Amino acid sequence: MTNLAAAQATLAEAAQVGAAGGVARFAWLLIALPALGAAVLLIGGKRTNAWGHLLGCATVVLSFLYGTLLFFDTTDLDPQRRVRELDVFSWIPVNALQVDFGLRLDPLSLTFVLLVTGVGALIHIYSVGYMSHDADRRKFFAYLNLFVAAMLVLVLGNSFVTLYFGWEGVGVASYLLIAFWQHRPAAATAAKKAFLMNRVGDVGLAIAIFLLFRDLGTTQYTEVFARAGELSSGTLLAITLLLLLGACGKSGQFPLQAWLPDAMEGPTPVSALIHAATMVTAGVYLVARSNPIYDLSPDGRLVVTVIGALTLLIGCVIGCAYDDIKKVLAYSTVSQIGYMILAVGLGPAGYALGIMHLLTHGFFKAGLFLGAGSVMHGMNDETDIRRFGGLFRYMPVTAVTFIIGYLAIIGFPGLSGYFSKDAIIEAAFGQEGWRGWVFGGAALLGAGLTAFYMTRLVLLTFFGEKRWEKLTSADGRAYHPHESPSVMTVPMIVLAIGSVGAGAFFALGDNLVTWLEPSLGALEASEHGVLPHALVPVLTILLVAAGVAAAWLLVGRKPVPVTRPVRVALPVRAARADLYANAINEALFARPGAWLARALVFVDNKGVDGLVNGTAALLGGGSGRMRRLQTGFVRSYALSMLGGSVLVVAALLVVRFA
Amino acid sequence: MTPTYYLLLSALLFTIGAVGVLIRRNAIVVFMCVELMLNAVNLTLVTFARINGGLDGQVMAFFVMVVAAAEVVVGLAIIMSIFRTRRSASVDDSNLLKY
Amino acid sequence: MLDPYVPLVLMFVLATAFSAVSVLVAPLIGPRRYNRAKLDSYECGIEPSPQPIVGGGRTPVAYYLTAMLFILFDIEMVFLYPFAVTADALGLFGLVEIALFIATVGFAYAYVWRRGGLDWN
Amino acid sequence: MTVLEAAHTSLGGFLAQVTPIQAPEIDYAAILPMLIVLGAACVGVLFEAFLPRYQRWSWQVALTLLTLVGAGLALVVYLRDNPQQGVVTLAGVLSVDRPALFLWGTLLVLAFGAVLLIADRSVEPGGAFVSHAAVRPGTIQDRAQAARLGMQTEVFPLTLFALGGMMVFCASNNLLTMFIALEVLSLPLYLMCGLARRRRLLSQEAAVKYFLLGAFASAFFLYGVALLYGYANSVRLRDIAEAAAGTNRSDTLLYAGLGLLVVGLLFKASVGPFHAWTPDVYQGAPTPVTAFMAACTKVAAFGGILRVLTGAFQATSWEWRGVLWGVAIVSMIIGAVLGLTQTDIKRMIAYSSVAHAGFLLVGSIALTGEGLSGTLFYLLAYGFTTVAAFGVVSLVRTADGEATHLSQWAGLAKRSPLVAGVFTFLLLALAGIPLTSGFIGKFVVFSAALKDGMAPLVVVALLASAVAAFFYLRVVVLMYFSEPSPEGPTVSVPGSFTMVAITLGTVITFVLGVWPAFVLDWAGAGGFAFSTT
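Same order as they appear, the protein sequences are chains D, S, Y and W. With the UniProt record's numbering applied, the first sequence covers 1 to 658. With the UniProt record's numbering applied, the second sequence covers 1 to 99. With the UniProt record's numbering applied, the third sequence covers 1 to 121. With the UniProt record's numbering applied, the fourth sequence covers 1 to 533.
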């Protein structure tokens, strides 16, 4: 497609953007409700301790119900008229910078609304039970509500600035929630790490927005997309890469993936909601939302795909080596989001597939995390899977729902992961030439590895020897595994049902792809793939089966040591060290940074420091000295006034007559 | 006799008043210097009224006089109160507020 | 040709006569009761300095107060002069306005009076 | 107003000798808010005269607050159907146009907040004002009266007179009226500065300094008026503008007059090198009066500056703009740099107000629609933040009154997180951090200046705000990260008056920060009206 044609096509799309009326006129309520909840809980303080969690749940449930209403309101419309805008208020109506706060109601944003509020509501309910012993439960709900509100701003905003506002908002909420147990140093450090690495990405996003505003004078989606063709190819590439940098930061993609596993220090519902189902997928949303820009820049898309493929492999490999139940799930999240990024990087052939995988992943990964939380709840907050084993009998509901999620994620035929992940693998193989082989191969390999580490996880946790019987937890208590209360299991069951059915519902009859068409354009089927269409599912299933079998052979058949073996092969060691991501970060950035710093210290002491300190000293010293001019004597004040007047009059006369 | 001389005289008086504010220490005298400045302005106004052939300037002088009288009352009240406190009318003595 | 000045001259004569008569007649027909104040030298209505009391013979504050009040009310009257000259031309509107003006001054007067500004001691 | 009217009609009488004079048209509806305020001030004087001592406070407070509400209502009613282009009334003396109405509204609301602070008697038992100003500080009687609960209730009529003066000041169309209004607003303030219940010596000193320098500055203003009268043979802004458009007059008179006039105005606005009184007076005056001065006087002074520059000197803007650039730069630098090393919280806010005056001047000299509306918005935003900030300052106290030394504020957040939180928010607003009105204010003012080709000035302004942000943050750091000193101040539970004032200021600071559109619309609703028809 040439640039011109693309611009015309998007222009045509822009022309169809209608104003929201009817029930959609109150779409701001979606955001206002959780925001109100957060405000009440934060301002009300301890007074709301008794009922705060109920309010927190109620606002999100109401938001979800209203979101559902909006969804049906939209499905009633013609597909061409499903993109609607709602001006809420004009925020800064000055001169050229017209920052309006508006909402964009289209299939893409509504899909996210349903995901965020739906999964959010379930996790709110789950948290009532999970956090019941925590003194600060009210604050926890306040932050969760804040997160939901910010996330809705992110997905509903109709301009990049509004998106950025929500983007920062979810960053703050995520920071607060990771550090929720701030008395643990690990949690505080993890929060800081998440915040810093996110900042790197945010800078990219911010610069991309500046570039858009500089060249187009607007950040409104409709106008930006309609006029994206005016951008030079260099600017386009820069914008796509910068947006990708933002996406990498938020979604834990290479090279900014290291914060996500650490973020599991937060309470488990947070891991489920923010670091599995919703916030970390914001990067995927960003790329998908900016599809008219990415359409114009094949090079930019290629980088997206490469990053996705790389990350999905990294995540799988590391996931195989970890023994911490939440960290394994976290790396699995990294790798699954890698799939999504890979998909949206494929362009029109993959946008909708990425979103589909995002949705199914939202179900099964949230379910898996809640299951993990339920296991921890029954096991004195233990996370080491080597200390679990044979838990199936003690917590059957948790085990069944967890296993359903497991089957979904490895792509067991018929379950949701099967439909969404296979579609991506197929699309990857659908690329022409070396790309098809490389990306398809990576995706295929990832599927096998996923099967391996997830099987290992399930086997070690729920089956086999009861290794915990002879052990005590770190605080000296014996383990008494038990099933969680129903307020926790019900959300897990609901999510398990979603994990089973969502894929089929979305994929069969192309329901989701058709629904998303007004936002993402039509899905292009690949015709020149490197492998025949029929072959790909077969290969996938074979590889998955191989992965399961390998796991069974490794951990299912023989006793597992409670402490992890130290003498292991190099790949395992590498994987245990997060593939040296932190070391690489250190070697690539921190160490040279330190050298550079040391080299700069010299210059710094002499020059820069001198300049900075000099400025500060100059200001401070100048201030101290100028202060003395304020002598306290009226007459000297009068003198300064007279002097000033003479200067003013003299200057006026000089300007006039000179 | 040209009216310009009156303008010069009034400018001179105004300057003397302004300088007086700067160099005199007694608050009452400082204040009298301000009054001198106001009256110099009155002279200017009246002179301009004469030059321009209108009466506006003269009426404005009335207003200035009234305002000056009100200012005298307020000013003397303030100066008197601080004088009673400090037993000194020197403006240089009140410099607790500084820097 | 002297017509316009006749009333002026008449006024002048009358004024002179009145002051002369007042000054000359008073000692003749007035009562003679002397006291210390009457025999003192005249200085703006206050007792002449130095006084043997505390304060180093300075002028009492009450003097300033009265002087200030006098100046204020006196100077306000400057506006009555232009009004009086053009009273005819201004008509009812001017009358109402000047009445309001005097009422405003009256408020201040009421305040001074009620709060003891006019009490000498 | 009666004084003015009478005088003007008599002035006409002088000129016309005997021919009957047409009474001037008076649009009572337009000037009603002003009449209410000044009339109520007179009534307040009568209250003082005739009510017994123990009833005065309640009557005065009721009267003053009712007056402000009534005047506000009159303003709102008039706003609904006033003409877009404004009304010039009272024989061309006053022009009630959109900016004037905006400024009136701003003044009334800010004065409402300040009056609430003035009326509070629970934070400082008996109120912040002395009961007998004439008693000598340091004597036994003085200590006795510091403990007594009465206060000098003349403060209320004085406030109303000052407010009336401000309202006339920013609506006056003629320099003589402006001068009288200047004095009507200044004289009560001089007195109010000297009425603090505690630290009488500082309070009296503040009053003397403010008075002497104020009188000095009004002499300059007046000499400027006289020279301009000589130049244009009229003191009407419109006539001066027309005369300046012609060519055959002495430009020396024009520019000398303009310079002196502007000096007088800049003094009131505490701009630039004419700010010397500000820190001393802000520190010495009773805190509620400081709040009133800092908020309302600034509004009135900049209202006057905007009107004079637009009305009389637009044609000569090329000549004076460079000079005012310099003044604005000096003001911003002085405020920002000197604020860095202040140790007294009230002095620090005073220097901040000098810096803000510089920012406001940047917007004022743009002389465009955006400059006007931006400056008006800034005034409103700044006023509310300042009133609330001084309200908070009045709450932090030790046994002998307010604890204004910064070292006493150390660790305040640990002792009273709410007060520290509110004050932090207000400081951030003063620093111009987003989500506060201060940010929007700076944004609109600077972008108007930028659009009018004053980029270097805007750069200086941004640098100055960065420096200034440092000293606001210093206080925040002090409150949150320092250990409280053992004999530190306690924070009084605010009485309902102070509570309302602080809440009002804080809420509006926030609301204007997130949703400024509606006030910006109002501020930009129309320009000045000068024509005498």
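Don't read these hints as lab results, they were simulated from the structure. Note that the coordinates shown come from a computational prediction; the quantities given were computed from them, not determined experimentally. Ideal Cβ positions, reconstructed from N, Cα and C, are used throughout, including at glycine. Please note that a few of the clues may not be correct.
Claimed, not checked - Ranges between beta-carbon positions, derived for each pair:
(1) W:Leu473 - D:Ala617: 30 to 38 Å
(2) D:Phe210 - W:Val507: 31 to 39 Å
(3) D:Leu629 - S:Ile16: 47 to 55 Å
(4) S:Ile28 - Y:Leu8: 37 to 45 Å
(5) S:Arg84 - W:Glu487: 56 to 64 Å
(6) W:Phe470 - D:Ile43: 42 to 50 Å
Stated by the list, open to error - Here are a few chain S residues that sit away from chain D, every Cβ distance over 10 Å (derived from the structure):
(7) Tyr5
(8) Ala18
(9) Gly54
(10) Val66
(11) Thr85
(12) Asp92
(13) Leu97
Results for each hint:
no.: 1; hint: W:Leu473 - D:Ala617: 30 to 38 Å; in the structure: violated (18 Å)
no.: 2; hint: D:Phe210 - W:Val507: 31 to 39 Å; in the structure: holds (33 Å)
no.: 3; hint: D:Leu629 - S:Ile16: 47 to 55 Å; in the structure: violated (26 Å)
no.: 4; hint: S:Ile28 - Y:Leu8: 37 to 45 Å; in the structure: holds (42 Å)
no.: 5; hint: S:Arg84 - W:Glu487: 56 to 64 Å; in the structure: violated (33 Å)
no.: 6; hint: W:Phe470 - D:Ile43: 42 to 50 Å; in the structure: violated (30 Å)
no.: 7; hint: Tyr5; in the structure: holds (22 Å)
no.: 8; hint: Ala18; in the structure: violated (6 Å)
no.: 9; hint: Gly54; in the structure: holds (26 Å)
no.: 10; hint: Val66; in the structure: holds (25 Å)
no.: 11; hint: Thr85; in the structure: holds (16 Å)
no.: 12; hint: Asp92; in the structure: violated (6 Å)
no.: 13; hint: Leu97; in the structure: violated (6 Å)
Of the numbered hints stated above, those contradicted by the structure are hints 1, 3, 5, 6, 8, 12 and 13, listed in ascending order.
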